[in-house]
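A.B. asks: Here's the letter readout for the chains.
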Amino acid sequence: MSFVPGSSPVQAVPGMLVRFAAPVRKLPASVLISLLILGTVAFVTVTARLILPFEFDQMDLRARLAPPWPLDGSTLIHPLGTDKLGRDVFSRLLIATQTSILLALLGTVIGATLGTFLGFVAAHFGKWVDEAISTIVDFQAAMPWFIIALAVLAFMGNSMAVFLLLMGLYGWERYARITRGLVLAAREEGYARAVHALGGKPRTIYLRHVLPNILSPLIVQLTINFPETILFETSLSFLGLGIRPPMTSLGQMLGEGRDYMITAWWLAVIPGTVIFLTTLSMSIFGDWLRTRFDPSLQD
Amino acid sequence: MSLATLNADPVAVADPDADTIVRVRDAARAFVHRKAALLRKAGTFNAVDGVSLDLKKGETLAVVGESGCGKSTLGRLISGLMRPTAGSVFFRETDFSSLSADCWRESRQKVQIIFQDAAGSLDPRLPVEDQVREPLDLHALGTETERRAKVRAMLEAVKLGRHLWKAVPSELSGGQQQRVVIARAIILEPELLICDEPVSALDVSIQAQIIKLLIEMQERLGLTQLFISHDLAVVRQIADRIAVMYLGRIVECGPAEEVFSAPRHPYTRALLAAVPVPDPAARRKRQLLSGDPPSPHAPPSGCRFHTRCPKAQPHCSETPPVAQTFGDHEVSCHFPEDAA
Amino acid sequence: MTLTYVGWKLLRAVITMWLVVTFVFFVLRLTGDPVSQLLPDDVDQNTVDFYRKLWGLDKPILVQYWNYFIALFQGDFGISFKDNQDALERVLSRLPKTILLGSTALSFALIFGIPLGIVAALKKNTGFDRFVMGLAVFGFSMPNFFLGILLILLFSLQLRVLPSSGSDTWLHLIMPVLTLGTAFGAKVARHTRSTMVDVLNRPYMRTASSKGAGTLRQLYLHAFPNAAIPVVTLIGLQVGELIGWAVVTENVFAWPGIGRLLTFSVASRDLAVVQCILMMIALTMVMSNLLVDLLYGWMDPRVRVGAGREAVQ
Numbered sequence: 001m002s003f004v005p006g007s008s009p010v011q012a013v014p015g016m017l018v019r020f021a022a023p024v025r026k027l028p029a030s031v032l033i034s035l036l037i038l039g040t041v042a043f044v045t046v047t048a049r050l051i052l053p054f055e056f057d058q059m060d061l062r063a064r065l066a067p068p069w070p071l072d073g074s075t076l077i078h079p080l081g082t083d084k085l086g087r088d089v090f091s092r093l094l095i096a097t098q099t100s101i102l103l104a105l106l107g108t109v110i111g112a113t114l115g116t117f118l119g120f121v122a123a124h125f126g127k128w129v130d131e132a133i134s135t136i137v138d139f140q141a142a143m144p145w146f147i148i149a150l151a152v153l154a155f156m157g158n159s160m161a162v163f164l165l166l167m168g169l170y171g172w173e174r175y176a177r178i179t180r181g182l183v184l185a186a187r188e189e190g191y192a193r194a195v196h197a198l199g200g201k202p203r204t205i206y207l208r209h210v211l212p213n214i215l216s217p218l219i220v221q222l223t224i225n226f227p228e229t230i231l232f233e234t235s236l237s238f239l240g241l242g243i244r245p246p247m248t249s250l251g252q253m254l255g256e257g258r259d260y261m262i263t264a265w266w267l268a269v270i271p272g273t274v275i276f277l278t279t280l281s282m283s284i285f286g287d288w289l290r291t292r293f294d295p296s297l298q299d
Numbered sequence: 300m301s302l303a304t305l306n307a308d309p310v311a312v313a314d315p316d317a318d319t320i321v322r323v324r325d326a327a328r329a330f331v332h333r334k335a336a337l338l339r340k341a342g343t344f345n346a347v348d349g350v351s352l353d354l355k356k357g358e359t360l361a362v363v364g365e366s367g368c369g370k371s372t373l374g375r376l377i378s379g380l381m382r383p384t385a386g387s388v389f390f391r392e393t394d395f396s397s398l399s400a401d402c403w404r405e406s407r408q409k410v411q412i413i414f415q416d417a418a419g420s421l422d423p424r425l426p427v428e429d430q431v432r433e434p435l436d437l438h439a440l441g442t443e444t445e446r447r448a449k450v451r452a453m454l455e456a457v458k459l460g461r462h463l464w465k466a467v468p469s470e471l472s473g474g475q476q477q478r479v480v481i482a483r484a485i486i487l488e489p490e491l492l493i494c495d496e497p498v499s500a501l502d503v504s505i506q507a508q509i510i511k512l513l514i515e516m517q518e519r520l521g522l523t524q525l526f527i528s529h530d531l532a533v534v535r536q537i538a539d540r541i542a543v544m545y546l547g548r549i550v551e552c553g554p555a556e557e558v559f560s561a562p563r564h565p566y567t568r569a570l571l572a573a574v575p576v577p578d579p580a581a582r583r584k585r586q587l588l589s590g591d592p593p594s595p596h597a598p599p600s601g602c603r604f605h606t607r608c609p610k611a612q613p614h615c616s617e618t619p620p621v622a623q624t625f626g627d628h629e630v631s632c633h634f635p636e637d638a639a
Numbered sequence: 640m641t642l643t644y645v646g647w648k649l650l651r652a653v654i655t656m657w658l659v660v661t662f663v664f665f666v667l668r669l670t671g672d673p674v675s676q677l678l679p680d681d682v683d684q685n686t687v688d689f690y691r692k693l694w695g696l697d698k699p700i701l702v703q704y705w706n707y708f709i710a711l712f713q714g715d716f717g718i719s720f721k722d723n724q725d726a727l728e729r730v731l732s733r734l735p736k737t738i739l740l741g742s743t744a745l746s747f748a749l750i751f752g753i754p755l756g757i758v759a760a761l762k763k764n765t766g767f768d769r770f771v772m773g774l775a776v777f778g779f780s781m782p783n784f785f786l787g788i789l790l791i792l793l794f795s796l797q798l799r800v801l802p803s804s805g806s807d808t809w810l811h812l813i814m815p816v817l818t819l820g821t822a823f824g825a826k827v828a829r830h831t832r833s834t835m836v837d838v839l840n841r842p843y844m845r846t847a848s849s850k851g852a853g854t855l856r857q858l859y860l861h862a863f864p865n866a867a868i869p870v871v872t873l874i875g876l877q878v879g880e881l882i883g884w885a886v887v888t889e890n891v892f893a894w895p896g897i898g899r900l901l902t903f904s905v906a907s908r909d910l911a912v913v914q915c916i917l918m919m920i921a922l923t924m925v926m927s928n929l930l931v932d933l934l935y936g937w938m939d940p941r942v943r944v945g946a947g948r949e950a951v952q
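Line order of the protein sequences matches chains W, P and R. Position 194, counted from 1, in the first sequence is what the working numbering calls 194; the numbers after and before it change by one each time, with no gaps. Position 31, counted from 1, in the second sequence is what the working numbering calls 330; the numbers after and before it change by one each time, with no gaps. Position 128, counted from 1, in the third sequence is what the working numbering calls 767; the numbers after and before it change by one each time, with no gaps.
Please note that the accuracy of each hint is not assured.
Said to hold, decoys possible - Derived DSS-like pairs: lysine-lysine, alpha-carbon spacing no greater than 30 Å straight-line: (1) K201/W with K409/P; (2) K340/P with K763/R; (3) K340/P with K201/W; (4) K127/W with K340/P; (5) K201/W with K449/P; (6) K355/P with K409/P.
Please keep in mind that the hints were generated in silico from the structure rather than gathered at the bench.
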């Protein structure tokens with residue numbers, strides 16, 4: 001990160017809330033659309049099971065491989081068509097989106113919490129604790145987690161618990177690194193020392209003063225990490241690992257649909273488009289957040 | 300040279316029979332100025348090198364000197380923020396160098412310190428009202444209503460406009476920020492307040508206001524103050540006693556009036572001579588310091604001031620001077636000046 | 640760049656490799672009898688006994704560990720389930736295809752990414768810049784397996800101009816390269832642009848531009864190399880991601896490289912091959928990280944490597 005000389009990284013957002021509450025009118029069109037898409041995705045994630053027209057695994061072999069409306073041979077009952085077993089694509093899409101997003105959220109939250117916590121610990125205790133944690137961080141960063149996940153899934157079998165663990169551990173080291181650096185800087189800030197001189201306990205100083213002031217880079221990292229986590233899960237599910245039938249996720253749908261590209265291309269394209277739109281929106285939104293939080297971080 | 304024209308408001312004079320609340324004995328504090336390498340130990344120097352002084356309840360002791368003389372370090376030692384590497388610092392019966400973390404935190408209710416950079420010691424995000432309240436929360440004093448009342452009282456006492464109470468520090472001027480810092484420091488009603496160059500970063504007109512505020516607070520709360528500054532004009536307004544530091548040692552210490560009117564150490568004389576006096580007709584004996592200030596990493600032998608002293612004799616570079624007492628007035632010089 | 644710096648980085652690399660090996664060793668033992676996991680079911684008893692003896696499964700764990708290490712050093716990773724072939728042999732036979740795909744994709748990404756980034760920086764904030772950067776965001780947001788599928792749909796199934804699987808002709812190479820290279824090319828473009836913008840803003844560049852175009856040309860020759868080095872380090876740092884993407888891409892296009900072998904072996908739990916590929920990837924990662932560290936150290940010994948890596952993230 002290149003900082004504006006003279007401004008400390010910790011004070012990147014004094015009055016962040018003031019800037020954040022800017023009028024919606026000022027948002028560029030791309031960001032608005034992205035927020036719309038993200039909003040829809042979030043809505044689906046929450047309400048999927050409530051708005052299903054069909055059960056996602058309800059089969060209707062007479063209506064197999066029906067195309068989506070308005071193509072030939074489609075019906076409005078199945079607006080997005082049906083798959084190889086006659087299951088409604090729209091319903092499956094809702095559930096798949098819910099699964100993928102929830103998993104990505106879970107993974108991101110776990111990774112962010114673990115990473116931030118370890119970053120604090122490393123910065124607070126220093127010396128060998130810091131060395132140990134930094135070494136683990138370096139090693140984690142040195143290996144592609146995707147490959148490790150593949151290997152672990154091979155060795156340990158494809159269980160949900162293992163998969164969740166792998167997702168949770170994806171990317172934690174980046175939060176740890178950022179947090180550690182920022183906490184080390186923040187601790188030297190006058191106000192942290194002042195509260196210490198007033199008799200504040202370390203925990204109070206961290207929670208009340210340091211953490212809120214380092215939130216913005218962490219949030220930026222979240223917006224970068226979240227789409228990557230989505231891609232992580234969908235890639236693995238696409239390959240047949242990760243989420244497998246009878247459960248479904250966006251990657252899993254895409255993987256299934258791949259076998260029918262000649263006869264029913266929509267089975268692959270529809271979930272793929274959803275993935276793409278979600279990660280795209282998140283990237284655009286994340287970029288915009290970054291420029292608002294700290295213009296000096298701009299590309 | 301007559302410095303009889305003191306513009307300051309009358310200052311509460313310390314009762315000579317009152318208890319001594321701070322006792323510093325031969326305190327020293329070493330710092331590393333050269334990191335240890337493979338075959339070399341770390342190079343250290345003593346920022347404070349054998350300082351002894353007492354603080355009596357209710358008085359204001361000013362510590363003056365050039366930058367680098369160790370007065371800030373001394374302030375931190377007395378406040379307990381730093382531990383001496385030698386000697387002792389006692390606050391009442393408590394030895395600051397051997398406190399547990401919890402006891403130390405508790406002691407913060409009795410001893411507080413404010414610094415030069417007011418904005419830097421305030422959280423940029425929080426309204427100043429919350430920050431003044433924080434010490435009460437940290438030490439869990441009083442009920443919610445009581446705390447709010449105290450915060451209100453404090454903010455009024457430091458004369459911060461009501462409309463600014465919910466502002467964040469960046470919306471306040473330097474003087475206002477320092478008021479907030481003062482309010483925060485004394486809301487716990489400490490016994491001892493250490494002020495480390497609290498007005499050096501402020502405009503002169505604001506300086507006077509803040510000094511006045513500090514004096515007022517001291518009267519109201521019966522505070523004992525340690526006032527650190529390089530600016531003798533400011534010190535003149537607030538000090539009961541003055542200690543002059545040079546390269547980690549106290550060279551002169553005595554009642555403010557005496558030190559100003561009849562300084563006995565050549566260094567003090569030179570410092571005072573440099574203070575502008577608003578009387579173009581006043582002719583003063585200029586006592587110029589010769590040479591550059593020596594580095595604290597390698598202090599001169601014997602009397603540390605001998606390299607710049609206009610009266611230096613060969614004896615001065617051989618033996619460190621012993622403190623000589625003239626009533627309340629102590630001087631560390633082989634050849635102290637006579638009372639002018 | 641001091642000897643201690645290089646030494647320390649080398650040590651780190653060695654320790655990482657050792658950790659990977661240890662990790663695999665323990666995982667193998669945790670999840671069952673390693674011998675039966677590393678050998679196909681139908682292998683003859685002699686081979687089973689041979690390996691049992693070789694890895695000394697009746698001996699204390701440390702001895703086993705040591706033997707395992709020795710075996711790895713000699714290139715003995717076990718026997719693949721397929722045709723009872725030696726695992727290492729099998730992996731190595733697929734390596735050339737992956738290298739072909741990888742290097743072509745990398746070249747593609749650089750050939751398009753760098754010039755686009757540079758021009759975008761020169762025309763900062765114009766329509767062209769915004770267009771290119773917008774394209775870049777599209778590029779790296781697009782999941783590469785989806786891109787691959789879209790390409791197949793368009794070029795193989797609709798237009799019927801390109802083959803969708805296999806690797807026999809150069810035609811087979813086009814879509815996989817596009818799939819693997821686009822996301823990385825997008826990142827390269829963005830990174831190049833920001834580096835160029837930085838360089839162009841430096842004081843010596845601005846005084847030069849006020850002097851006239853002739854000098855400007857000269858300095859462009861200066862600016863380009865300055866922008867190039869960070870890109871090289873970007874590659875080094877992205878190697879891990881690239882490997883992951885390559886695995887998926889090979890899968891989409893049935894490209895007979897190591898990536899496809901990996902997924903195949905994972906699905907069939909052919910752990911001998913998985914173990915072999917994992918070590919190979921670990922080695923590649925460790926070496927590329929080492930090169931990046933050394934490059935940083937050479938560029939500017941004062942730069943802390945940690946800060947550099949964060950900057951690229």
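A.B. asks: Broken hints, numbered, in rising order?
C.D. replies: 2 and 3
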